[in-house]
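Chains A and B supply the protein sequences, listed in that same order. With the first letter of the first sequence counted as 1, position 36 gets the number 36 in this note's numbering; the numbers rise by one all the way through. With the first letter of the second sequence counted as 1, position 69 gets the number 69 in this note's numbering; the numbers rise by one all the way through.
Think of the hints as simulated: they come from the structure by calculation, not from any bench. These numbers come from a predicted model, not from an experiment. Accuracy of the hints is not assured; some may be wrong.
What the hints assert, rightly or not - Listed next, the in silico DMTMM-like pairs over lysine to aspartate or glutamate satisfying Cα-Cα at most 20 Å (straight line): (1) B/K133 / B/D85; (2) A/K14 / B/E272; (3) A/K14 / A/D150; (4) A/K71 / A/D150; (5) B/K50 / B/E61; (6) A/K71 / B/D393.
To be verified - A few chain B residues facing chain A, derived, Cβ under 10 Å: (7) T26; (8) F63; (9) I260; (10) L288.
We treat Cβ as the ideally placed atom computed from N, Cα and C, and that holds for glycine.
One letter stands for each residue in the lines below.
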Amino acid sequence: MQGVLRSVIRWMGKIEMALAMALTVLIVVTITMQIVMRYVFNAPVPWMEESVMIMFIYVTLLAAAVAAKEKRHILVDLFPTGRISRFLGLAMSILTVATLVLILVNMGPIMTVEMRRTTVSLPVNFPIAYYNSIPLAYCFCSIILAILHDLIFERKDDQEALV
Amino acid sequence: MEALVLLAILFGLIFLRMPVPFAMLTSAVAFILIQMWTGTQPIFAIAGLKVIPQRITPSLESFPLLAIPLFVFAGNLLNVTGISDRIFAFAKALVAHIHGGLAHVNILASIVFSGMSGVATADAAGLGAIEIKAMTKAGYDRAFSAAVTAASSIIGPVIPPSVIMVIYAVLSGESIAKLFLAGIVPGLFLGFVLMALIYGLSVTGRVHSPRAPKASFRDVTCAAWRALPGLMAPILLVAGLLTGVATPTELGAIVTVYAILLGVLTRELTIENFIGALRTTVFTIGALVFILGCAAPISWIISVLNVPQALQNGLLSVSDNPIVLLLMINLMLLVAGLFLETTAILLIAVPTLLPLIKTIGMDPTQFGVMMIFNLLIGAITPPFGVILFIMMDIAKLSYGALVRAMLPFYLPIVITLIVITLIPAITLFLPNLVANGLP
Numbered sequence: 001m002q003g004v005l006r007s008v009i010r011w012m013g014k015i016e017m018a019l020a021m022a023l024t025v026l027i028v029v030t031i032t033m034q035i036v037m038r039y040v041f042n043a044p045v046p047w048m049e050e051s052v053m054i055m056f057i058y059v060t061l062l063a064a065a066v067a068a069k070e071k072r073h074i075l076v077d078l079f080p081t082g083r084i085s086r087f088l089g090l091a092m093s094i095l096t097v098a099t100l101v102l103i104l105v106n107m108g109p110i111m112t113v114e115m116r117r118t119t120v121s122l123p124v125n126f127p128i129a130y131y132n133s134i135p136l137a138y139c140f141c142s143i144i145l146a147i148l149h150d151l152i153f154e155r156k157d158d159q160e161a162l163v
Numbered sequence: 001m002e003a004l005v006l007l008a009i010l011f012g013l014i015f016l017r018m019p020v021p022f023a024m025l026t027s028a029v030a031f032i033l034i035q036m037w038t039g040t041q042p043i044f045a046i047a048g049l050k051v052i053p054q055r056i057t058p059s060l061e062s063f064p065l066l067a068i069p070l071f072v073f074a075g076n077l078l079n080v081t082g083i084s085d086r087i088f089a090f091a092k093a094l095v096a097h098i099h100g101g102l103a104h105v106n107i108l109a110s111i112v113f114s115g116m117s118g119v120a121t122a123d124a125a126g127l128g129a130i131e132i133k134a135m136t137k138a139g140y141d142r143a144f145s146a147a148v149t150a151a152s153s154i155i156g157p158v159i160p161p162s163v164i165m166v167i168y169a170v171l172s173g174e175s176i177a178k179l180f181l182a183g184i185v186p187g188l189f190l191g192f193v194l195m196a197l198i199y200g201l202s203v204t205g206r207v208h209s210p211r212a213p214k215a216s217f218r219d220v221t222c223a224a225w226r227a228l229p230g231l232m233a234p235i236l237l238v239a240g241l242l243t244g245v246a247t248p249t250e251l252g253a254i255v256t257v258y259a260i261l262l263g264v265l266t267r268e269l270t271i272e273n274f275i276g277a278l279r280t281t282v283f284t285i286g287a288l289v290f291i292l293g294c295a296a297p298i299s300w301i302i303s304v305l306n307v308p309q310a311l312q313n314g315l316l317s318v319s320d321n322p323i324v325l326l327l328m329i330n331l332m333l334l335v336a337g338l339f340l341e342t343t344a345i346l347l348i349a350v351p352t353l354l355p356l357i358k359t360i361g362m363d364p365t366q367f368g369v370m371m372i373f374n375l376l377i378g379a380i381t382p383p384f385g386v387i388l389f390i391m392m393d394i395a396k397l398s399y400g401a402l403v404r405a406m407l408p409f410y411l412p413i414v415i416t417l418i419v420i421t422l423i424p425a426i427t428l429f430l431p432n433l434v435a436n437g438l439p
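Construct the entire structure; sequences and hints are all you get.
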């Protein structure tokens, strides 16, 4: 069970990182192309701005999920490593999971509304839920999974190491 | 009162080791739940918890915010292509012979590097490692070397490009280009007063600072030629800002493409380097930009509670003298910066303080530079200065030794803060020049 979950999370992290990296490059390419289109061909593309903003939202949420797996989110480390620090880590992880689950539960009605609203300037219209609530829900689920994995298995490993 | 409850929960969670974005979400959830239970503010019961996810992603739908990953990526690319070494060599050829030697080189290299990098920690960790190594090798005290590097690293986010300025601009609705231009003179001023302090410390013999022989004209030209591709990045950026041919976000893309081309032409950019720079950029986005989204529900709560108006009334009841008010705001920000993470303070303080600033007639651009400078001081000040921790790690120093070595550097930094606060021209000179039609 532990091996499977660890492997799933590792692969999720790899895919999320690869997608975030590819989208970052795509953002640079798209904006550069827009500058070229504007100054060289005098024909700026009207949907460019909206498309890069959608990519940016995806990059941010994927990067946040990766950062949770690699423990890169910013925190103030006031207490030295030890029992207090470990207890606080445990308590804060549980609280974080509870918060994210509560938000996820409340995301349903928003998703329904966002499925009815569509993009404005893109050549292909699609519901805004595709780049608002759906990626956000995925990001939160991915973070919850990573925290739960750390809570259940890494803490067990720590205790084993201490023994 | 309700706002205090929200802030107490938020900062309590941050102190208890909860990552900042999750602390923001948890405090917003807890606050709304309390309000729904007590029913003091009916709007929260009506909005419910669904207001939280509703606010997160739309707050990221901002074209100016895109400048953050682009400038971070450009800085990372320039860092891995060996530009930092060339800039350091160029600065050494220019100023290593002056009293203070490599400490001046450290400051000058940071000024040049700040034109490419948008975050202080990138300066401290990237160029800082080269600077400390060179200074200790030349016989400089390790703690002094680390202190100079820490002090000079805060020039980075003052001189454009600057991630923190982009965040301020998005929160305040100010022009990024105007803010970028406003940071140039204060950044150079800080560099100058830091160099003046180093000169004084060196001449009076308070620090051991071996000087290098004066470089020949040929050596300076040679170092300048080698550093030229790197020097072109800030020149591109400033020229773009001054002429207005592209938005700051587009300039971020241009500088990124330039950094890639430079790395390819100098054959210093390998596939591994490129992926490494990209990975670092993704982690920065995950850590930094995600906080902005998570702060959106808190900003909404603060605006619903009318906190800016209450704070304005409270401060105006103490004094209506703009200088006294500004000193009070500076003190508040300095204290907050000592204990809290820079972005977290910015996200709460900008919407809260901006109406007051407009009431007392201060330009929001000047206020932005003042606020950012205040928060950067927190990054190099105990107990939680993040740059101090980076320096301790690079220089292998104890906390106490580094803080002792830092003490003289707070004087020029505070002087710069006072100058930014009291003399609007230092920040507004360049933006006004451009606004008046002069390139």
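Restraint outcome when B/F63 is required to lie within 10 Å of chain A by C-beta distance: 6 Å, holds
For a C-alpha distance cap of 20 Å, please report whether B/K133 and B/D85 respect it. Holds: B/K133 and B/D85 sit about 12 Å apart, inside 20 Å.
Would the pair A/K14 and B/E272 pass a check requiring their Cα atoms to be no farther apart than 20 Å? Roughly 16 Å between the alpha carbons, so the hint for A/K14 and B/E272 holds.
Check the hint pairing A/K71 with A/D150 against an upper bound of 20 Å on the C-alpha distance. 10 Å, holds
With a cut-off of 20 Å on the C-alpha distance, tell me whether A/K71 and B/D393 pass. 19 Å, holds
Taking only the CA atoms, is the gap from B/K50 to B/E61 under or equal to 20 Å? 19 Å, holds
Hint validation: B/L288 versus chain A, beta carbon distance must be below 10 Å. Holds or violated? 8 Å, holds
Against chain A, is B/T26 within 10 Å by beta-carbon distance? This interface hint holds because 4 Å falls under the 10 Å limit.
Is the straight-line distance between the alpha-carbon of A/K14 and that of A/D150 20 Å or less? 17 Å, holds
Using the nearest Cβ pair, does B/I260 come within less than 10 Å of chain A? 8 Å, holds
Checked against the numbered hints above, the structure violates none of them.
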